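> Given next are the chains, with one letter for each unit.
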Amino acid sequence: MIPAVCIAAANVERSGQRVVHSVDLTIPRGSWFGLIGANGSGKTSLLRALAGRLPFAGGSCRVDGIELAEDRAERALRFGFSPPADKLPDALRGRDVLELVGGKIDNIHPHLDTLYKALDLSPLLERWIGDCSAGMRQRIAIAAAFAGGHAFVILDEPFNWLDPVAIFDLREALREMVNGGLTLITALHDLSTLATACDEGLMLADGRVALTLSDEMLRIAAQNPQAFERQTINQLRSGAAR
Amino acid sequence: MVRATFTAWRDRATIALMLVVALTAIHGWCADHPWQIAAIAAFVASIMIGIGTGRLVARRLSFHAYDGLLAADALDTQARRYYLVAWLGIGLALLIVVTLIARPSLLIASAPGYIAGGLFGITTGNLKIPKRIIGTSRPKWTIQAWSRHPIAGAFGTVAVLLPLLPARTLEANALLAIVGVVTLLVVLMLSSVDDAVVRFMTIAGHQSSRIIVHYASGGVVFLAAAVPGCWIILGPGAASIVVLVGAVMLLILALRILAYQLFPKRIADLIVSVLVGLLMLTAYSLPPAMPFVALAIFWHLQRRTRAKRWLLA
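In order, the protein sequences belong to chains A and B. For the first sequence, position 214 matches number 1320 in the numbering used here, and the numbering has no gaps at all. For the second sequence, position 51 matches number 81 in the numbering used here, and the numbering has no gaps at all.
These aren't lab readings, by the way, just hints derived from the structure by calculation. The structure displayed is predicted, hence computed values, not measured ones. Where is the CB? At the ideal position from N, CA and C, for every residue including glycine. Where hints are given, some of them may not hold.
[As the list claims (entries may be wrong)] Here are a few chain B residues that face chain A, going by a calculated C-beta distance under 10 Å: (1) 135; (2) 167; (3) 170; (4) 230; (5) 234; (6) 342.
[As the list claims (entries may be wrong)] Coverage of chain B stretches by chain A, computed from C-beta distances (three or more under 8 Å per stretch; other residues unrestricted): (7) 171-185; (8) 216-227.
[Unchecked claim] Under the rule of at most 25 Å between Cα atoms (straight-line distance), these lysine-lysine pairs were calculated in the BS3-like manner: (9) 295/B - 1193/A; (10) 295/B - 170/B; (11) 1223/A - 1193/A; (12) 1210/A - 1193/A; (13) 170/B - 1193/A; (14) 338/B - 1193/A; (15) 338/B - 295/B; (16) 1223/A - 1210/A.
All chains should be modelled from the sequences, with the hints used to inform the complete structure.
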């Protein structure tokens, strides 16, 4: 079966500096792929490049078996992507944001599925972004990634700023959508979510692959999350020390 | 921010060229007009610049006092005074340089105008529209959102045509002046653009043309309805005024949208001001070249915005 995403020797540059070096990864269809790493390790740059929000500076990027490394616009069209919550304009309502990304709100509603309730979107639709808290903005930004009804969705640290109830509900809803066929790629800082919710993963350090986390490794990690956390923190520390 | 915006030498060369063109245009305009008219223009422009600078400095100080790292200094009366004087002084120095290039004798009008405007701007800098007026939350954003809809253009048409019916007995020139002023007010309201929304739409994959249509639909409906309306009530003279004012505002609207996709707001506004000045100068000195210059500007900006679509640097 053709993987949803297959990246080989991918490089990404920002402001002329290489921030992602020769990364290889494969993401199976209908799975939740977690990307972890220290601050500045290249997670956001890699995800933005994959989502067509940044160009690749080299390497291969196959989506659905089609080579798209040179076609940034096509990558952007294929992935649902949550805009950074702080980039949402104050002078728009939640509804306006979703409609600018995914068309009429009536068409967006079915795409959101269980997320609509998990993110408690109803009260946010008529609220000005300028009047929203950081958590409310994050909820709208996450919904925006799903508004277009894409089969592949990228979320960059989606659990930031959310309260514990929202984190729990969102994680459950995302898992349900992945079980229903969604391919989800997320950058994460929360190791327990990586261990318990993700199917596969990757650890980045200084823009390079430090560790590939197979489904087998994550299954074991889910049985003993504390040991996994200790082991991963040590890996991240050694990555930061390099 | 400025350094990041003009990293390429072409951008720096463009802004330097624009600056030279703008200064030449100001110098030429001031030299061509009688001293009194140039002095009034300098006084009014300096007041506006002073108000803008004063408000900007007051808001910056307010940021430091509430959200910045320098809260203790920003709340200290003496330090606040130094800060305000220093930044207003820099603005005044720049204005003096521009005035000396334009026409040195205008300093007597520009400097007092700037100081008066600056003081007014500082005192009113932190005044904000209340969040809720007559049951409407966020009136500014509500009006902005409403003004983008075609129905706003229909309301604008009614606002222009209604006063004309009882005023038809007035002298022709007075009627044309009324049409011009009301059209200008309506079109100003219909052409408000939010730079953050433009950037968000660019990130969300909207093309420049789509963003322009999103913002211009109210203005287009207004033109489509007000022009024939004015023609029927007052004749072709009034209709051509509506066409001219509306077309100029739509042109500026499109220029602003393209510039907001490429640059931060303040720099984009500066660039648009210089480009509009360049177009006015061309229209004044070499009218047949004006459409070609306008097309060249649009082509250049539009070509650069294409690379920005979806981009999230």
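> Against each hint, give a clear statement of whether it holds in the structure.
Hint by hint, here is what the structure shows:
{"no.": "1", "hint": "135", "result": "violated, 44 Å"}
{"no.": "2", "hint": "167", "result": "holds, 7 Å"}
{"no.": "3", "hint": "170", "result": "holds, 8 Å"}
{"no.": "4", "hint": "230", "result": "holds, 5 Å"}
{"no.": "5", "hint": "234", "result": "holds, 5 Å"}
{"no.": "6", "hint": "342", "result": "holds, 4 Å"}
{"no.": "7", "hint": "171-185", "result": "holds (count 3)"}
{"no.": "8", "hint": "216-227", "result": "holds (count 3)"}
{"no.": "9", "hint": "295/B - 1193/A", "result": "holds, 14 Å"}
{"no.": "10", "hint": "295/B - 170/B", "result": "holds, 18 Å"}
{"no.": "11", "hint": "1223/A - 1193/A", "result": "holds, 24 Å"}
{"no.": "12", "hint": "1210/A - 1193/A", "result": "holds, 21 Å"}
{"no.": "13", "hint": "170/B - 1193/A", "result": "holds, 20 Å"}
{"no.": "14", "hint": "338/B - 1193/A", "result": "holds, 15 Å"}
{"no.": "15", "hint": "338/B - 295/B", "result": "holds, 16 Å"}
{"no.": "16", "hint": "1223/A - 1210/A", "result": "holds, 19 Å"}
Checked against the numbered hints given earlier, this structure breaks only hint 1.
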